[in-house]
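Peer 1: Residue-level listing of the chains:
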Amino acid sequence: MLVVVCIKQVPDTTQVQIDPVTNTLVREGIPFIVNPYDAHALEEALRLKDQFGFRVAALSMGPPNAEATLKKALALGVDEAILLSDRVFGGADTLATSRVLSEAIAKLNQREQVGIVICGKQTIDGDTAQVGPGIATRLGYTQLTLVDHIEKLDPFQERITVRRKLEGRHEIVEAPLPVLLTVVREVNRPRYPTVPMRLESEEAVVQIWSNQELQLDQNGIGLKGSPTWVSRIFSPQREKGEIVGDGAVDPAGAAHLLVDRLLSRDLLVV
Amino acid sequence: MAPNPKLFAFLLALSASTFVIGCYRRFSLVALGRPEYRLDALGTRFSRMLRLAFGQERVLGKPFGANHFIIFWSFIILAVANAEFLVGGLLPQASLTALPEPLQHALLFLFDLVSLLALAGVLFAFARRLFFPEPSLSSDYVKARSPEAFLILSLIAVLMLAYFGMHAARIALGSEDPSALPVSALIAANLVAPLAITPSALAAWSWWLHALALLSFFAYLPQSKHMHILTAIPNCFLSDLERPNTQPREEFKRGMRFGVGRIDDFTWKDLFDSFSCTECGRCQETCPAAGTGKSLNPRSIIHAIKTNLLANGAALRTGDPPSLPLIEAGEAKSGEGSSGEAAIWACTTCGACMSVCPVLIEHMPKIVKMRRHLVQMKASFPEELTTFFENIEARYNPWGIAPTERTKWHGTLQVKAFEEGKTEYLLYVGCAGAFDARQKQVTVALATILDAAGVSWGTLGKVERCCGDSLRRLGNEYVFERTARDNVNLLVERGVKKIVTQCPHCFSTLKNDYRQYGLELEVVHHSELIAALIAAGKLDLKQRVADLGRLLFHDSCYLGRHNEVYAAPRQVLTAATGASPVEFARNGERSFCCGAGGGRMWQEEQEGERINLNRVREALRQEPDTICVSCPYCLTMMEDGLKDLQGGSVKVKDLAEVVAEGLRA
Ligand SMILES: Cc1cc2nc3c(=O)[nH]c(=O)nc-3n(C[C@H](O)[C@H](O)[C@H](O)COP(=O)(O)OP(=O)(O)OC[C@H]3O[C@@H](n4cnc5c(N)ncnc54)[C@H](O)[C@@H]3O)c2cc1C
Ligand code: SF4
Ligand code: SF4
Chain X
1 MLVVVCIKQV PDTTQVQIDP VTNTLVREGI PFIVNPYDAH ALEEALRLKD QFGFRVAALS
61 MGPPNAEATL KKALALGVDE AILLSDRVFG GADTLATSRV LSEAIAKLNQ REQVGIVICG
121 KQTIDGDTAQ VGPGIATRLG YTQLTLVDHI EKLDPFQERI TVRRKLEGRH EIVEAPLPVL
181 LTVVREVNRP RYPTVPMRLE SEEAVVQIWS NQELQLDQNG IGLKGSPTWV SRIFSPQREK
241 GEIVGDGAVD PAGAAHLLVD RLLSRDLLVV
Chain A
1 MAPNPKLFAF LLALSASTFV IGCYRRFSLV ALGRPEYRLD ALGTRFSRML RLAFGQERVL
61 GKPFGANHFI IFWSFIILAV ANAEFLVGGL LPQASLTALP EPLQHALLFL FDLVSLLALA
121 GVLFAFARRL FFPEPSLSSD YVKARSPEAF LILSLIAVLM LAYFGMHAAR IALGSEDPSA
181 LPVSALIAAN LVAPLAITPS ALAAWSWWLH ALALLSFFAY LPQSKHMHIL TAIPNCFLSD
241 LERPNTQPRE EFKRGMRFGV GRIDDFTWKD LFDSFSCTEC GRCQETCPAA GTGKSLNPRS
301 IIHAIKTNLL ANGAALRTGD PPSLPLIEAG EAKSGEGSSG EAAIWACTTC GACMSVCPVL
361 IEHMPKIVKM RRHLVQMKAS FPEELTTFFE NIEARYNPWG IAPTERTKWH GTLQVKAFEE
421 GKTEYLLYVG CAGAFDARQK QVTVALATIL DAAGVSWGTL GKVERCCGDS LRRLGNEYVF
481 ERTARDNVNL LVERGVKKIV TQCPHCFSTL KNDYRQYGLE LEVVHHSELI AALIAAGKLD
541 LKQRVADLGR LLFHDSCYLG RHNEVYAAPR QVLTAATGAS PVEFARNGER SFCCGAGGGR
601 MWQEEQEGER INLNRVREAL RQEPDTICVS CPYCLTMMED GLKDLQGGSV KVKDLAEVVA
661 EGLRA
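Residue numbers (the UniProt record's numbering), protein chains in the order written: chain X, 1 to 270; chain A, 1 to 665.
Since the hints were derived computationally from the structure, they do not count as laboratory data.
Cβ atoms here follow ideal geometry from the backbone N, Cα and C, with glycine treated the same way.
Heads up, some of the hints might be wrong.
Stated by the list, open to error - Derived contacts from chain A toward chain X, CB cut-off under 10 Å, selection only:
(1) 37
(2) 38
(3) 62
(4) 65
(5) 248
(6) 259
(7) 262
(8) 372
(9) 394
(10) 400
(11) 435
(12) 644
(13) 647
(14) 648
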């Protein structure tokens with residue numbers, strides 16, 4: 001059985017700033033990282049590999065420099081890594097993105113049966129949380145979102161039981177394979193790559209698939225295939241913060257001041 | 001029963017072969033280690049050996065050291081007497097009598113007195129172990145090994161008594177001149193008669209007793225901790241000439257094993273060290289981890305290496321993998337021949353153990369090598385470190401704060417960028433100096449001082465990155481290697497020639513570790529630069545700083561022990577306050593770690609007493625108003641410790657803050 005994990009390379013948003021004049025993201029010199037949720041998706045896929053011996057393929061759609069992200073996945077132990085990169089994929093919204101990803105998964109499925117696809121809950125740049133469900137819908141897989149624990153997996157009966165983390169409660173759900181999971185951070189603690197794995201991955205090759213390989217109708221992908229687009233990005237005006245007291249010198253005094261201030265504004269209930 | 005050359009030859013052959021086989025068994029195991037070159041700078045090595053091995057410099061550092069000094073030198077002197085004895089046993093004609101009379105007389109006189117000293121030394125050692133053992137001698141570790149110690153001491157005592165018996169008998173028989181042997185003569189005059197034994201019988205019995213004691217001693221030597229009699233002197237000669245402030249680089253090629261995960265990953269010198277340990281316990285006594293109840297005991301680390309090597313030697317020689325693990329996986333405690341992971345992570349790399357070991361054993365590099373294995377081959381380390389490693393890799397600082405925030409400490413200060421040819425000093429701010437709320441105040445104080453003294457300085461601004469100290473001490477050598485290369489390239493590219501740091505860890509890493517990457521710069525710690533500025537009259541300390549009260553100075557391990565900067569901070573404080581700072585009971589080279597070095601800063605400390613509390617308690621005994629430090633880690637640890645112990649109004653200040661206060665006054 002093949003487990004597919006979808007990973008997106010995102011700019012390190014803690015370092016992204018918005019240009020106040022043009023209202024666009026200043027992306028220059030900003031390092032890219034693996035979308036944090038996808039690091040958990042990857043770890044969960046690797047745990048299934050360790051436990052059941054499944055093969056794992058990592059999939060990412062993005063520009064050529066996203067190869068670095070997939071190299072990291074290789075360093076951690078995925079068996080193959082595929083970068084979906086083509087100019088015609090560019091400018092995709094969640095619909096077009098999930099279309100390309102699901103077509104790639106379908107292509108992998110022709111070679112080896114895909115049982116589980118794992119995505120992150122959402123990305124830290126697009127933040128829509130739509131791509132996972134989009135892929136499941138297109139492939140006709142059962143979708144189990146917000147998974148924080150895989151309770152049980154029976155590869156022979158082809159059934160999976162997971163726990164979903166919902167607001168204020170958990171839900172245990174059982175479903176038949178193939179299945180698409182989106183995972184939350186609580187699902188695991190990502191592993192740290194060993195040096196032999198890092199050195200191996202330096203040599204390992206990331207396969208690059210363009211539309212040559214997928215042969216998708218250009219009207220359904222990329223900018224052309226995207227019915228939505230971002231018209232403007234802006235930071236909402238925020239009230240300027242204030243430092244209350246001097247916590248470094250007099251923490252107790254600062255805490256008192258802070259409590260007084262909060263009480264005076266009815267922000268604390270006693 | 002006269003000396004019987006044939007019987008003696010047989011026994012000698014038996015003892016010698018046991019000795020040789022024992023030595024061979026061990027020394028051939030040393031050859032299983034990885035190569036390492038230790039024969040450079042022969043002159044330095046020779047003088048170090050004279051000072052430490054023959055001069056017993058570190059042995060004498062403890063109250064009972066003088067006793068060992070006496071036994072050691074007695075052994076060396078009596079080696080001549082014993083050589084004569086062995087030769088004489090085989091060839092009764094050969095003896096010192098062949099020498100000119102005055103020389104023979106002098107030698108006998110010397111041997112006689114030295115034997116008495118040695119006997120006294122041995123009896124003293126007996127008494128010490130039995131009646132007033134120090135804490136390190138009353139541990140379970142030592143108790144288990146006491147029979148061996150008593151056996152060896154008894155053998156030496158018997159040897160000396162037999163020596164006197166032999167010579168007393170000869171004096172009684174009139175074959176030796178009593179004036180050459182005052183002690184033996186005294187025994188001859190007072191004891192031979194009451195013993196109701198004929199002098200010739202006494203001569204024969206003592207001779208055989210002496211022979212048996214001597215031969216048993218040799219046969220037993222390689223099996224025991226007294227192997228150090230053979231290895232200690234060469235071990236001092238072969239010791240690392242660098243101070244323990246760097247670790248060797250590692251080569252990263254595919255297919256290799258990284259760090260030390262099994263006994264033959266150590267170098268031959270690491271293995272030789274384990275056979276040189278005298279089990280004296282000095283390292284254990286001074287180790288902050290062992291002293292606060294952690295599972296780490298540097299002596300046990302060394303002992304485990306020896307035991308492991310002996311246990312796995314046979315397998316390794318035939319090319320099989322070792323069966324006894326060197327590192328106990330997971331939660332398991334250290335066992336016989338293995339060290340537990342918790343012990344390996346407890347080390348603060350303070351270097352105290354290495355600074356007291358009389359035979360110059362290198363504990364800390366071995367611990368770091370095992371960490372390298374755990375991090376790089378197993379990815380097995382305390383959970384908290386995952387975040388630390390990832391933060392450094394992604395954002396180049398331990399907290400994972402955006403690099404764009406690195407210049408936030410500037411506040412309203414005008415901070416210039418370093419410019420080649422224009423700026424003299426690069427102020428390497430360091431992660432704590434740039435991000436830690438409290439240490440940022442120290443950075444500002446330092447900037448004020450540099451400006452006041454008219455020093456030309458600048459920074460790298462937002463592109464400065466972590467120096468990698470913790471990475472390296474934590475065994476993440478692969479990421480350290482990349483960090484060091486990037487940083488060295490940046491420093492060279494920017495044309496930096498002189499660096500000042502406020503952090504002893506940045507200081508030591510830039511100064512010592514980066515040398516391995518070809519960077520030879522003038523790196524100074526702020527205490528050194530400020531001391532020089534004061535000496536040159538560039539800093540006008542308008543008024544004596546008095547409101548900080550009684551000032552107690554804490555030595556940082558990486559400034560003091562690792563780089564021997566002891567005087568500069570004290571000079572600075574004396575100049576600023578008009579009085580020398582108050583000292584801890586453990587100060588200077590004997591200073592006690594704050595608990596944060598070696599990457600301990602980024603780990604929880606659950607086992608035993610917290611190290612910083614131990615140090616703060618010691619501080620409070622001196623009743624200070626201010627504890628003065630020279631390191632961001634020490635600052636954090638002392639402040640945290642004071643909070644926990646309700647240290648009242650006691651403040652913690654970096655020495656730069658003390659000086660800045662003086663400028664303001
Ligand atoms: C700066 C910026 C500009 C944008 N401009 C446009 C635009 O002009 N027009 C437009 O239509 N849309 C635009 N988008 C939206 C963009 O198309 C979405 O980011 C993308 O479709 C993925 O959606 P998401 O990031 O919300 O992913 P989510 O749905 O939040 O992601 C959920 C999971 O799906 C998987 N996943 C998501 N994307 C990928 C991928 N590329 N490869 C592999 N796995 C993936 C991951 O496992 C992820 O955790 C822009 C986004 C950003 C941040
Ligand atoms: S370096 Fe310090 S903490 Fe580590 S073993 Fe030696 S004395 Fe103990
Ligand atoms: S390692 Fe050195 S200090 Fe420690 S017990 Fe052995 S000889 Fe003594």
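Peer 1: Among all the numbered hints in the text so far, which are the ones the structure does not match?
Peer 2: 1, 2, 3, 4, 5, 7, 11, 12, 13, 14
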